[in-house]
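Colleague: Protein chains in written order, with full-length UniProt numbering: chain W, 1 to 413; chain R, 1 to 413.
Just so you know, not all the hints are guaranteed correct.
If several chains are the same, the list does not tell them apart, and a pair holds so long as it fits within one copy or across any two.
Said to hold, decoys possible - Lysine to aspartate or glutamate pairs mimicking EDC-like chemistry, simulated, CA-CA at most 20 Å apart:
| id | residue 1 | residue 2 |
| --- | --- | --- |
| 1 | Lys-148 | Glu-329 |
| 2 | Lys-243 | Glu-9 |
| 3 | Lys-243 | Glu-10 |
| 4 | Lys-388 | Glu-367 |
Since the hints were derived computationally from the structure, they do not count as laboratory data.
Number of protein chains: 2
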Amino acid sequence: MSATLAADEEFERRRLAGEQVLFLATGEIGLPVLPELREHLIAAAGRNAYGPVAGSAELRLAAAGYWSRRGLPTDPADVVCGPGTKPLLFALMLAVGGDVVVPVPTWVSYAAQAQLAGLRSIPVRTRPGEGGVPDPTELRAAVLTARKAGGNPRGVVVTLPDNPTGTIAKPETVRELADVARELDLVIISDEIYCDLAYAPVVSPAIYAPERTVVTTGLTKNLAVGGWRLGVARLPTAELRTKLIGIASQVWSSTAAPVQAAAAYALAEPPEVIRRVAASRRLHERVVRAVADVFAGVGAELDPVQATCYLYPDFEPHRGQLGVTGSDELTQLLSTRYGVAMLPGTAFGEPQHSLRIRAATSRLYGETDAERSAALLAPDPLTLPWIKASIDRLTEVLTQLLKESNVHRHLRS
Amino acid sequence: MSATLAADEEFERRRLAGEQVLFLATGEIGLPVLPELREHLIAAAGRNAYGPVAGSAELRLAAAGYWSRRGLPTDPADVVCGPGTKPLLFALMLAVGGDVVVPVPTWVSYAAQAQLAGLRSIPVRTRPGEGGVPDPTELRAAVLTARKAGGNPRGVVVTLPDNPTGTIAKPETVRELADVARELDLVIISDEIYCDLAYAPVVSPAIYAPERTVVTTGLTKNLAVGGWRLGVARLPTAELRTKLIGIASQVWSSTAAPVQAAAAYALAEPPEVIRRVAASRRLHERVVRAVADVFAGVGAELDPVQATCYLYPDFEPHRGQLGVTGSDELTQLLSTRYGVAMLPGTAFGEPQHSLRIRAATSRLYGETDAERSAALLAPDPLTLPWIKASIDRLTEVLTQLLKESNVHRHLRS
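Assemble the whole structure, with the sequences as input and the hints as a guide.
Modeller: Right under this line is the structure:
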């Protein structure tokens, strides 16, 4: 089962059991629905027809405008909608139909999806500080090696901005990747679900390799409606689009019609949507940077925050002191001893011995819609008592963790 | 692409182009949303969290009650929700993970889904007048043959009541199927999406083989909300349920949360839902029987209508007269010459030369919500001018088809 969704469910069980858990395990965005967005869902509640597999004409038009405003001119005919980017990514793997290169570290589901599709995933490390894009030089070598060995790599997945590292690959790296993809005839699947939560410029590979890049995004991260399940893909060729629509028609038929109507409104980006996305971005940035400071303050190594609500600290400098063998044990310790939930690097493709863990800060904004709305509006969200309390608690836990582990080590020795 | 969804889209294009098309190609239910059901979607519009992969606790409880009231005692823990029964059926094929026997004739997507999942589908004919359940004797032979040849059949799909034939397999046949499945250790996947649109008793294989039968259903047919995309599965074992949830977590995460809330209301079956489903069933039965009479009246062969809004007439008695080689040509002729859309038997796994075609009557209830509501309320919907006009037009077309084709044959000879 997906590590993030499993963590969500465990958290909910512990919360219902009355436990106090500081939940930093998953990136579900803990913010309320924008009222105007909710109203558009409500207005479309009577829509009960399947509609086109690729999505309604109004939705595809809105998505085309959304991308066109971001430097990617798009024809509505090139847009395909699905019940989340997750099913779109899965169907794209089936459509591309060969082995697929995935970055390391990597989002929890790419490799699992490839396996379900009966395909091999080929892990390729990213460059330091540039998560989400397999190092183009290593990509080239890995694909050539796989082909020599009789494999059939046909695609490469990139995450821009990146989950789990919260970084953004440099434009030069993206361009190199595009060149290698062209040279080796690979389809690039660019997962850009976090494109509106970037604190530095993002350049899509669709700029450099428009003829072979699929871009996916949705409303899950920018507008906090992950539970509504809607994603959109921008297809580079009629051939791939036709394949994707064929697969979609057999796997999910269409996307919930009332949600499509609301998404068409959102992707057209009226002023209140732009304002809400900007407010969310400010909130995420302020909180994620404060939490990054906490990790840095106790001596964990981490790359500068450039996007998303994710941090990917490395406790390698504390290995001797911690007395754990890897990230699984480290997150287990944090969870059971301190009630702090984070995910181990192993969930993102790291080796067992690595001490990288992933922290997500998007659930720190409050327990109620009132608290969460206040967080969105606050000039400085860090002064809100519930957010301050979480950050203080994390500081206390990490400080204590390093101290106590140290003691344990001494007792054992 | 799915034959039914392709037909839907073609119809919509022709309708927008101003063409008059008598649309009998697909089983989308042309009825408005029950107002109370719409209100429950509206009330849940603020729900934006993913929630559990398997579905919310209230939804699973309601689904368990729904099945328990139908003679299948169900624990809410055994229910898994998905964005339609289509993705559930696909994920179930992956979860069962072996070749799968499908009935012939068969719904358009089972074999296509098996192929996408990298599995082989093994077609087995149904008994006359008992669509949806592969003849148990032939099933046994086909599975043994496949195993001898090194294949790995592990599941069998049944459709109860059946699409495309509008019939229901007899309880004795279902019991025989259950026995064969037990003997050969096959999982039975029982697609019961039409279980509330039956005009004769339906017995689920889950009665005879509860230890190995998965049942799926949803709100698409009984409450006409196909475009909302929600299905539920009832799993027989913890092992299969865990596998299904794991696959669901990687392919679609969860089902639109507002839709889940509305479905929880509907599956609890308050009086107004029961009344609406009963009214729909009455309407479907009246209209589908009238259309069956039209086909019978021109001499097509068809089995007595027992369920659904489907008919599966065979024009074999008119083969000489029609001058077509098979159902593809026959439906093409009906579409281009007369603007009547139906699907060829080939879409349901029939051989090319067969003259079976499938007619669906669920779009005859009107063009507007007002007409459709009137159809639901009418003591005799056949007297409504728009329904009468469609049935009269079909009578005229079929009569003319047989007459004209006859003339053409004479001209050619």
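Colleague: State for each hint whether it applies.
Modeller: These are the hints, each one checked on the structure:
1. Lys-148 with Glu-329: Cα proximity of Lys-148 and Glu-329: none, with 38 Å in one copy and 48 Å across.
2. Lys-243 with Glu-9: Between copies only: 16 Å across chains, 34 Å inside a chain, cut-off 20 Å.
3. Lys-243 with Glu-10: between (37 Å within a copy, 18 Å between copies)
4. Lys-388 with Glu-367: The answer is within: 14 Å in one copy meets 20 Å, while 57 Å across copies does not.
In the structure shown, a violation is registered for the earlier hint numbered 1 alone.
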